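Undergrad: The chain contents come next:
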Amino acid sequence: MTYIRPAFHHPALPQNELGYTRKDYEGSISTLCAGCGHDSISAAIVEACFELNIEPHKVAKLSGIGCSSKTPAYFLNQSHGFNSVHGRMPSVATGAYLANTDLLYLGVSGDGDSASIGMGQFVHAIRRSLNITYIVMNNGCYGLTKGQDSATADYGYVAKAGHKNIYEAIDLCGLAIELGAGFVAQSFSGDKKQLIPLIKAAMSYQGFAFLNVLSPCVTFNNNSGSTKSYDYIREHNAVMSGMDFIPVKEEITADYQEDTVREIELHDGSYIRLHKLQQGWNPEDKYAVVNALHKARASHEILTGLLYINNDQMPLHQIIRLTDTPLNKLTEQALVPGAGILDQINASFA
Amino acid sequence: MVKTSEVNPGYFHKVVDCQYACPAHTPVPEYIRLIAAGRYTEAYMINWESNVFPGILGRTCDRPCEPACRRGRVEEQPVAICRLKRVAADFKDEIGHLMPEITVVKNGKKIALIGGGPASLTVARDLAPLGYEIHLYDDQSKAGGMMRSQIPSFRLPESVLDEEVDRILNFGIHRHFNTYVNSMKSMLQSGYDAIFVGTGAPRGKDLTDLPGRWEARTKVHIGIEWLANVAFDHIHKIGKKVIVLGGGNTAMDCCRTARRLGGEDVKVIVRSPFNDMKASPWEKEDAMHEDIPIIDNHVPKSFVVENGELKGMYFEKVMAQYDEKGRRKLIPTGEPPAFYEADEILIAIGQENSFPWIERDLGIEFDEWGLPVIHEKYFSSTLPGVFFGGDAALGPKNIITAVAQGHEAAISIDLYCSGQPLEDRPPAQVNMYSAKMGIHEWSYDSYVTTDPRYAVPQADKSQTLRNRKLEVELGYDLKSAFLEAQRCLNCDVQTVFTDSKCIECDACMDICPTNCITFTEDGPEQELRMRLLVPALNESQDIMVSGPLKTGRVMVKDEDVCLHCGLCAERCPTAAWDMQHFLYNTAKAGQSCYV
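Same order as they appear, the protein sequences are chains A and B.
Residue numbers for the first sequence follow the numbering used here, so the first one is 1 and each next one is one higher.
Residue numbers for the second sequence follow the numbering used here, so the first one is 1 and each next one is one higher.
Hint data in this document are derived by calculation from the structure and do not stem from the laboratory.
Since this is a predicted model, take the numbers as computed values, not measurements.
No residue lacks a Cβ here, since even glycine has one placed at the ideal position from N, Cα and C.
One should not assume that every hint holds.
Beta-carbon label-pair distances, calculated as ranges [what the hints assert, rightly or not]:
#1 B/Glu525 / A/Ser299: 36 to 46 angstroms
#2 B/Ala455 / A/Leu18: 54 to 64 angstroms
#3 A/Gly19 / B/Gln463: 47 to 57 angstroms
#4 B/Glu525 / A/Gly19: 24 to 34 angstroms
If we take Cβ atoms under 7 angstroms as the criterion, some of the chain A residues that face chain B in the derived model are [said to hold, decoys possible]:
#5 Ala7
#6 Tyr20
#7 Val218
Model the full structure from these sequences, guided by the hints.
TA: Set out below in structure tokens:
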């Protein structure tokens, strides 16, 4: 019996600008099933945070209940964490965020946690434009309770037990765009080349950044009738564009055709560079994106990549004109400025 | 790049670094596991089959396995392989019943072994059980060769040596001791079916050209001759001030022996810089521990003799310069010569082969340096039926190399005597089987401990310096032997990948604690090595490449720092990865298929 990860690491492990290695961003060893897509997403989060030179103590990772919501234990061991009630992670995240805008918020949820029990919380977090990276590890089933169909299971898919799903699926990406999320992307746990830059871009985005990651459940939803199996996703994956995340603007060096490259600057000065764009694809055109998602659904395609981005999205703290100093750092003196200030305010009404 | 073949035992053989580096290819991890399990006798027998002298080598081996040990690449110190071998020897039970049967009826072939050292004894061990009549010649009164004459008893107790040497002699070997063979011609005419020469490198180099050497002759000794005289009780003491010239293991044995025979101010003075010295690091440490300074960068200039009495030596101070190819040159510093006082001086600056007893008109070809022309794999000379091994064959090396060559020579002799061509050698024997016992259970201890290397306790200096026969190293006790054995990474439990089973979930790549595994696009090896999660820069280590997977990518595993922890296989949902015990045994004489 092992379940113990050796303490040794590769002696030539690269360091980032902070002098940390990937090891410094890892968590405990996973207790999920061998081959679970969620573990790949955890590894992608580790890699993204390493490459972004994020200080682990500047991250708050929050989750609800489910296989997906266990994963914050498996990455960023040195970050803040909150494992909340089922489906209630958005509320906890909102509270934490209002108290301390200095942290980087990373919400991890699943299709059960977000599309069923937590749907009410999920939609309002989007509507309020919470400044968070919200990752749904979407496997189309309730893996923790032996694989019942979830609300994102596709209509007509055949479950491992043999029955066909008779309900329509909730399209979380379409829903997020509809409710005004400013950053919406869809990816696949088995494609780190696409997933890592998407996570990096989402974590650099100001506002609600939603990432729906299809993540096969090897134990209950990787059978031949499944529409969320490794094989099915690979066969039906329609990549809308390649993507690079560029921390600081630099010259285009790769040999791309002019009309297939698109650059989007984020508010922190970093860039998203899309290349090999699909014909006529424009992730800043909301109507076109919604259209494409509907068409893809009809043709059983899975659109992946950065689906939609609205760079003018205002995050919650700006909408409600929150003070620049995080609330948890305001002193009593700032909060109770005294009679003099009160007199001034009263005088201003005269 | 071309897919790594999982049926190629050569690939997996190379992964077991220690075994691969060992000249005799002893299955190291296999016996270390047995030691951890408390099965010392079995651990000893694995060694005995492979290297013939586990008790001797467990104390004296040059340990080429340890610098190769994978553990040295993930932390500071390799596993103490050599001293674990000694544990097997120290704690084994009675093994008489495990010895091969020596038949009374012989096969009718007579073999002469000239020289009673490790190479000849190995040939005897391999051939006697096959029915050969073996005759062993040595000019000393006992067998063992340099193991007896050059290695001091405080490193290798006589009882240990006798036990392992006598075990072979008791295989019905005909002993011709105190017999100096002075003519190969007469040996060839004595009716032997084959002759094996294992006479070592018996001539110590001298400094005959240095001024004062002749005048100082009574107080200046050749190191290996002096050690032999000590070993055979002809010499019992030495002057108070002793200089030992040379930087190899013989120099270390000389200085430490001198300390035990009355040398109070014993120095080692060597031409090369300290770090370039040929002596093993641990032998240098042991010498310095016995208050013997090592003075480097000093080239001997002259012996100083006044009124017929040795006073000391002059040395020229030098410094080492290296050219771009790493070749060393010793440049004089220009300082005045340094004088060191000495009552006696031991010269241990190397040794060489010497064959005055082999007539040059017998068909045994010699090269321009007076060394016999030997086939590097078969150890045959240019005269059919005459074979060489050990230091006598390809120049001075060490015991374990002599053993390895003895095994090969025994195969050659066996083939020769049965009329087979020497190239029809039996293949190595390989066995491979899964270690899987459950989801997280393996038939080996896959846990990787972070314990640093355990030190071997030594007897107190005040005791050991008074008695040259008192062994300095005490050996591991059973508890530290177990803990040290647990440091072994089990490199012989191989990671075996079946690409048709892989669903490319990345689980193995994500879990690997040392980032050995990468799924990526195929490419030429050099370019592929650079594209891995951590670039594979250690080119002495292979990379394992799968065939194309479903997405067209390949799985690439860098063997360099794989901990063999089995996590890739534990996290694999489809058992595309498996951990498999791999046992590699080199061929021994008698394993051929006779036609």
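Undergrad: So, for every hint listed, does it hold in this structure?
TA: Okay, the hints, checked on the actual structure:
1. Roughly 41 angstroms separates the CB atoms of B/Glu525 and A/Ser299, a value that falls within the hinted 36 to 46 angstroms.
2. B/Ala455 and A/Leu18 have their C-beta atoms about 37 angstroms apart, which leaves the hinted 54 to 64 angstroms range violated.
3. Between A/Gly19 and B/Gln463 the Cβ separation comes to about 50 angstroms, which falls inside the hinted range of 47 to 57 angstroms.
4. A C-beta distance of roughly 32 angstroms is found between B/Glu525 and A/Gly19, which places it inside the suggested range of 24 to 34 angstroms.
5. Evaluation of the A/Ala7 hint against chain B yields a held restraint, the C-beta minimum of about 5 angstroms falling below 7 angstroms.
6. Given hint, A/Tyr20 at the interface with chain B, is violated; its Cβ is 15 angstroms from that chain's nearest Cβ, farther than 7 angstroms.
7. Among the interface hints, the one on A/Val218 holds; its C-beta lies about 4 angstroms from the nearest C-beta in chain B, closer than the 7 angstroms criterion.
Going through the hint list in order, the structure does not satisfy hints 2, 6.
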